[in-house]
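With chain A held as given, fit chain B onto it using these hints.
Those protein sequences? They're chains A and B, same order as listed. In this text, residue positions in the first sequence follow the numbering used here: the first is 1, and each later residue adds one. In this text, residue positions in the second sequence follow the numbering used here: the first is 1001, and each later residue adds one.
In case anyone wonders, no lab produced these hints; they're calculated from the structure. The structure displayed is predicted, hence computed values, not measured ones. Be aware that a few hints might be false.
To be verified - Stretch by stretch, here's where chain A covers chain B in the computed footprint (C-beta under 8 Å, at least three residues):
| no. | region |
| --- | --- |
| 1 | 1049 to 1059 |
| 2 | 1077 to 1084 |
| 3 | 1093 to 1100 |
A virtual CB, placed ideally from N, CA and C, is assigned to each residue, including glycine.
If you want the building blocks of each chain, they are given just below.
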Amino acid sequence: MTATALSPRTRTIGISWNRVLAAEGRKQTSLRSTWWTLALLILTIAGSGVITALGVYLGQLDATAEDIGPLGGALAGISAAEIIVLVIGVLAATGEYASGVVHSTFTAVPARTPVVLAKAGVVGASVLAASAVLIVGTFGINWILYSGQAYDLPITGPGVLRSLIGAAVFLGLFATIGTAMGWLLRSTAGAVGAMLGLLFGLPIIGLMIPDTYAAAITRFLPANAGSAMMEPMQAPGMLSAWAGLAVMLGWTAAFVVAAILVVRRRDA
Amino acid sequence: MLEIQNVTKRYGRQTAVDDLSFTVKPGIVTGFLGPNGAGKSTTMRMIVGLTRPDSGQVLIGGKRYESMRAPLHEVGALLDAKAVHPRRSAYQHLAVLAATHGIGRRRVEDVIDMVGLRSVAHRKPGGFSLGMSQRLGIAAALLGDPGVIMLDEPVNGLDPEGIRWVREFLRALAAEGRTVFLSSHLMSEMAQTADQLVILGKGKLIADVSMSTMVGSTTPSIRVRTPQPERLIALLADGSVTVESTDHQTVLVTGYRTEQIAQLTAEHQIPVYELSRVQTSLEDAYLALTEHDVEYASLQRSAA
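With the rest of the complex left out, here is chain A:
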């Protein structure tokens, strides 16, 4: 390489973890669709979460303390949010293949593993952070609305804060699994389908096997481990919240490792 008339030589330091993370972060922020999906997430979590409390506040709905529950309905939109975040995760990876930009990506970072991990990290962390703010914010709004109706909704109640944060962590981990599924299957339709199968299909299969086995197995499925993370009180037959978190971390790690192994082996 010779000196050049083109430009002063930029710092020749090369690839680092922080730089790959920065690049993956920029990939997300530079697409308008990221902001649209965030708006959709706000609408889903906050919109669904406050509607009952708003009804009560306006005197249109009657609700007993039992109806309201310790979370005040703050997690009412979580099922829909799960679908949104799985699509966010899947698209972060399959978008690379749909456009072919994956060639540029892997030419810039030929080791590939940092890209898979950085994308998982960026998507997981941003979904977790956004969800945490939205869920706790929704709970706060509900607390205000219900306090106007003389219902107290203490965030210090047993398991309340842990459930709210648990839901956000579940969404973040599930979006992370979405990125791995996207890498594995490369097609948006296929990966979204597989993620829906993981979320809704596996528990249905669980219904078809004998109860004695089903009870032992189904609580380890992502959907059920996720439910355990969001429950203030451990439900019978379910894992504890912390065990649920451990199981979800296991699922996430397994999918991400599988994605790394496959992406490294196959021709881009």
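Showing chain B alone in chain A's frame:
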């Protein structure tokens, strides 16, 4: 310096690249030629580690691409101009790539200006013409100011001004001592750009020759325009020459020098309107060389 060493790549039963070895030297422009399906793109993908060879290896300055800490500073590659996210602006596309190497905003702006994309830098490439996409691809290849530049069909879709710009730009990069390696199907363009040619057919190396050797390899023919072609043909038809009458006045002669023809026509008082040496084009030389290696041959209208 780019070294391809005994590289083989198979896709199922199809052998895309078959025990291929050649070297691309710095300081010159090396053209990469071959019919469709000859394995050019596969070879280029293997150079930057997108495709893994079944055997053999590629070394760039003695290193494998996958082992480089700063690959964008060593190799700049344009493989598929349309392979950009259609809704991420040209500027952001470059900025994402730059971010992986900590390349600053300044350099991103510089390469945008270099390829002339300033006015559309913040537009989405989904609406770009092929020529604009090629410029964006070239900008990406230049981001790290690399010593090796590798471009697959860079002038495809460019307007004449763009083609000339690419040609002069690549020649300038080679003159700075860089290794420039490009493929193209445009023979006239390649003839003006490349110094050395690597020619592939069915995954194998057919030729690794200099441009001057390539175009000098076949005997030149002589075009003679005369009102009495029959008399000239009669004089030349001694079996050792090919005489080809293309119209009523013009004769193409091979196997003679122009001086010999001039002498002959003067002696026999045959009027000559035109006597010129027809330089073999790269296209002719290339087609002669690869005619048996064409994967997808078109039906010949008549035997040559």
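Checked hints:
Three residues within the 8 Å Cβ limit are the bar, and the region 1049 to 1059 of chain B against chain A gives 4, so the coverage statement holds. Given a C-beta distance limit of less than 8 Å, the hint that chain A covers the region 1077 to 1084 of chain B holds, as 6 residues qualify and 3 suffice. Counting residues of the region 1093 to 1100 of chain B whose beta-carbon sits less than 8 Å from any beta-carbon of chain A gives 6, enough to reach three: the coverage restraint holds.
Of the hints listed earlier, there is not a single one the structure fails to meet.
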